Amino acid sequence: MVKRVFEKPLSWIERIIFLDFIRGLSITIRQAFRKTITTHYPYEKLTPPKRFRGFFGHKVVDGKEPQPAFDEWVERFKIKVEHGKSRCVVCMLCKRACPVPQLFEIEGEKLPDGRRRVSVFNMNMMLCTFCGFCVDACPVDCLFQSDIHETASYTRKDSVLDLEVLERIGRDWQRRREEEPDRIWIDDHQRQRLWHENHLQLPEVKQ
Amino acid sequence: MEGLVIWLIVTFVKILVILGIVLGVGAYLTLVERKVAAHIQRRPGPMVVGWHGLLQPLADGLKLLTKEDLFPRYGNRFLYNLALVLALVPATLVFAVIPFGPEFEVFGVKVKPILTDVNIGLLLVFALGSMAVFAIALAGWASNSKYALIGSMRKAGIVISYEVVITFAAMGPLILAGTLSTYHIVQSQIEQGLWYVWLQPIAFVVYMFAMLAETGRVPFDIQEAEAELVTGFTVEYGGMKFGLFPLVEWYIEVLSLSAIAVVLFLGGWSPINIPFLGFVDPLFFLGPLSPFIWFILKVSLLFLFVLWLHWTLPRYRIDQITETAWKVMLPLTLLNILLTAILAPILWR
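Chains as they are written, first to last, in this note's numbering: chain A, 43 to 249; chain B, 1191 to 1539.
There could be a bad hint or two in this list.
As the list claims (entries may be wrong) - Dumping the calculated DSSO-like pairs for lysine-lysine here, alpha-carbon to alpha-carbon at most 27 angstroms: (1) Lys-106/A x Lys-77/A; (2) Lys-1225/B x Lys-77/A; (3) Lys-1204/B x Lys-1225/B; (4) Lys-1225/B x Lys-87/A; (5) Lys-127/A x Lys-106/A; (6) Lys-1517/B x Lys-1253/B; (7) Lys-87/A x Lys-127/A; (8) Lys-1517/B x Lys-50/A; (9) Lys-92/A x Lys-50/A.
It should be emphasised that the hints constitute simulated quantities derived from the structure, not laboratory data.
Predicted model only: the values in this text are computed from it and were never measured.
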């Protein structure tokens, strides 16, 4: 069956009265008197959907780690688990998955009691493409991407996320949105919530 | 002697008023355009500077004035600056022959609210309109840039084609009025109790299209063509020099040509017309101010209509534009003139 996609050509009378112009003009005039649909960005900010790929964070240990993976990795690397600290087990899988591995600087340290923990975890956001491969690679659901999207900074140094900042983002995320079901954008009425409820001031501007 | 002094004072005041209105309103029309465009696209437009962005033109002007004055390498500096003058002066000069209202008396002096009521007013308008081609061609040539040159060539081609059309379109009302003076055209419309748009609908439509083409408005904004040519012949201009071209083209010229359209077809300062019966004035309570209000109302409605068209229609191709001018509009206007010239002496007067 042939589906005709062209409109019927205009007849002469329709051309003389500019029918196509009138159609377009009537559409625009109807739109002109409707309510505007914009968000006044610096004054109003929408909350991005939960699966938004923004700045990274480290979820902290709070008893909701994916089991048995977390216990297995802790057992294997003899990780010291502290409540309220990063879940990172220094497996380096995020760095392996990364298309630009230089952006990760990960180091572990050995404590006097023989256990280990992460000591340095720097992510250079200048190199990051926000592809999320590292998040997929993380076996203990530690590294994740948050909804923090206002990432401008005055110096290049401010765009490096260190362990403390990552943990801060993680704690904030777990407080705000951990329980929220994952939705896609169009039916997300959470989107209508404004952005100001996050407690973070990121990145910190150093004069 | 005393008459000369009074005449000088009156003329000086008229010049000040017209320049103030034209340039001040021209600047504020940028805000009007941005607001209309925004609301058609369901945005609020400028909202931050002043109440609903009311001070935005001032902020824009300050920004443009404090910007660096760039000049392209190997450009021709004299022509580059001359183009600005040639763009601004003729466009503003058109307002010298636009009648804003009927003759009135202040302190015993009879004042016509028109700068010079020359008896070839309309001819002057079209002569000055053709001057715009020089500004555009010079701007494109002096910039030493391919984009600018292509844009100016396109614009020059359009202006030359549509200058012919607009002149022939204006000929119809001219035959009916029997005079070239803008003031007397309006006078004769009032005396005959008839807006010429009722007798010359074809000429009016063609005039409106030619006006869009002359001022570089959509659907004829081929010289600007953001997607292809950056901004056409203004691409090498910076700061206020850049701001001047759109100001002249999009606002002052549209304003002056709308005013001419009102004079020719919509009866100038006369109130609403019922053909062959007379005039109905819902604004009678304003007394002697009412004609001026009517004139301003008509011009601003026409201007808003142009904006409305601009933000609705897509752009035509260059060959379609010139084809429409030479193959459709010109024969239509010629036919119109022919019919008017044959029928007017028989049925008229």
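Next item on the list: If any of the earlier hints don't hold here, list their numbers in rising order.
Entry: 1, 3, 6, 7 and 9
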